[in-house]
Amino acid sequence: MNQPLLQVTGLSRSFGGLAALRGLTFSIASGEIVGLIGPNGAGKTTAFNVISGAMPPSAGTVQFDGSDISGAPPSRVVVHGLARTFQSTSTYPGVTVAKNIHRGMLSRVRHSWLRRLAGRSEDLLSADEVAREVDRLLTLLDLQAWRDAPAGSLAYGLQKKLGIAVALACRPRMLLLDEPAAGLNHEECNELGRLLRRLRDEEGLTMLLVEHHMALVMELCHRIVVLVQGEKIAEGTPQDIRDNPAVIEAYLGAPDYAHA
Amino acid sequence: MTVLSLEAGMARPAPVQWLLWLALAAAAVTPWFAGPFVQHLAVLTCLNVLIVNGLALIARCGQLSLGHAAFVAVGAYGSVLAARHLGWSFLPATLAGVAITAVVALALGAIILRLKGVYFVLVTFAFGELVRLALLDGASWSGGANGIAGILPAELAGWVFDSRASFYGLALAVALGSVGLLAAVARRPFGHAIDAVAENPALAESTGLSVQRIQLCAFVGGCALAAAGGALQARYVGYVSPESFNASISISFIIMLVIGGRRSVWGGLIGAMVLTPLPELFRGAVQTQHIFYGAALILILRFLPAGLAGLPGPWQARRRKESQ
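Residue numbers (my numbering), protein chains in the order written: chain G, 1 to 260; chain D, 1001 to 1324.
Bear in mind the hints are in silico, worked out from the structure with no lab data behind them. Keep in mind it's a predicted model, so treat the numbers as computed, not measured. Using N, Cα and C, we set each Cβ at its ideal position, and we do this for glycine too. Possibly wrong hints are sitting among the right ones.
[Stated by the list, open to error] Which stretches of chain G does chain D cover? Using the computed rule of at least three CB atoms under 8 Å from a CB of chain D, they are: (1) 95 to 103; (2) 166 to 174; (3) 211 to 222; (4) 228 to 234.
[As the list claims (entries may be wrong)] Incomplete in silico selection of chain G near chain D, CB under 7 Å: (5) Leu106; (6) Ser107; (7) Leu140; (8) Leu141.
Construct the complete structure from the given sequences, taking the supplied hints into account.
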């Protein structure tokens, strides 16, 4: 395996006296889909927030593609190529679906505008390119039918899909997905699995997903990291994790005979 | 053409648009053929358009400033003091007032824009009072409660704007310029970024838009417009005093913005045009006019949250539905 795309080393975060995350270390190679699972309160969301820059770590580092991004605000982390989605839906409800995606691309447009001032215009995204990219993402996520509908009027599942589209509009190399399947019905869940796999195959996206939906995680992920009470207790392929006694204990409690 | 369709919701039907342009042109020209009182009101309206447009820029990115009059004051006093003590002429003195205000807004905004909602409102209110009290207290340089009188009229490239009619020309140009500026910003990526930050800051931040930097830019720009309004006002009235910039003036700017329309480029213009002449027309009802304002504000917020600028909205929607 060559150099990992994301390298998390000794990551800790405490809130007052509570250590929500203790010394988390793992890495993700380019093109991998990795799941982060654990019971409620295990520190999954904290890990997610620290990696995406929503909150600074108490200790440890996050390296993305060789550069240290620990403690950088989300707007800087995205520039490195690491985008995130939100647990509940997060869109601009008042404007159309197309406009939502357009806004997702703004950092790329604005960046190039600043560069143009500095005389480096090679990254400029023209109005045509923006329009083409909006259309491409609408097609990729199968949202064309809702192109001109206000995002707030969309069904929950579609809004979650739009959230992914907006994140993709930043053109990330890696996507952090915070419970993408939460609140989706069975059919939508299957569709999500197909979509994520297609994103990896066609867009070359690397993914880290925090998820409760075990069937989806087991089917989709190459590797799984299990968190319990802020610490990593296991890491491995879905098969390893399924058979790992420590994981079973964390989820189901210790069997009675263990005390006998 | 795809870019156009992104903006399709903004286009107004042609006949209404022409009617509005015609009404605006008529309203802009009328004061030159009217008496001094109307000209006076027209000048005040133009200055308010400029100042309220500054407030609109700040409000557009989701923050409400209750200390806007203080930035008008800093611009007015800054330009007047630069002219008085440094002997600068109108244009450099005005630019100095605007620059000082921008620096103050930058320093203040960098700290207080971390606050959201009512906390930001409260701190800007406190800042407004602070500026007013500092001006009242600094009698040695600000003239204290007596203010500064005998300010020379505006003068640009040999033209002296010492009559109401000529100053109205200057104020009108600047007011329309500020509307044009707002419209230009709204069309640019920066304008889209401001709207994104206002609607969902967490999402905007996570897609690479620095919420703090964008709000700071809008805040500094909005305060600079207020300062330009203050500098012009000082030249027009020929007198500045702290009481012209108290909290109730800040509130009246907010009322103009809300009644005009917070989300529209035209909101500041419409609000100032409607509300600047109103108190003068209700001179006989000084005590009760605020009751009317309060009632109007509640009615607007309840039935017309997009303000008067949003009036064509429902009509447009119906028209679109019929045409389909």
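query = Are there three or more residues in the stretch 95 to 103 of chain G whose C-beta lies within less than 8 Å of some C-beta in chain D?
reply = holds (count 6)
query = Is the interface hint for leucine 140 of chain G satisfied, with its Cβ closer than 7 Å to some Cβ of chain D?
reply = Not OK, violated: leucine 140 of chain G not within 7 Å of chain D, min 16 Å.
query = Should the hint that leucine 141 of chain G touches chain D count as held when the rule is a Cβ pair under 7 Å?
reply = The hint is violated - leucine 141 of chain G has no Cβ within 7 Å of chain D, the shortest such distance being about 16 Å.
key: Cβ contact check, 8 Å cutoff: the stretch 228 to 234 of chain G against chain D, three residues minimum   = Since three or more residues must qualify, the claim that chain D covers the stretch 228 to 234 of chain G is violated, with 0 doing so at under 8 Å.
query = Holds or violated: the stretch 166 to 174 of chain G covered by chain D, criterion of 3 or more residues with Cβ-Cβ distance under 8 Å?
reply = With 4 residues in contact (Cβ-Cβ under 8 Å with chain D), the coverage given for the stretch 166 to 174 of chain G holds.
task = Classify the hint on leucine 106 of chain G as holds or violated, based on whether any CB of chain D lies nearer than 7 Å to its CB.
result = Holds, about 5 Å.
inquiry  = Restraint: serine 107 of chain G near chain D, CB-CB cut 7 Å. Satisfied or not?
reply    = holds, 3 Å
task = Examine the stretch 211 to 222 of chain G: at least three residues should have C-beta closer than 8 Å to a C-beta of chain D.
result = violated (count 0)
Hint check: violations occur at hints 3, 4, 7, 8; the rest are consistent with the structure.
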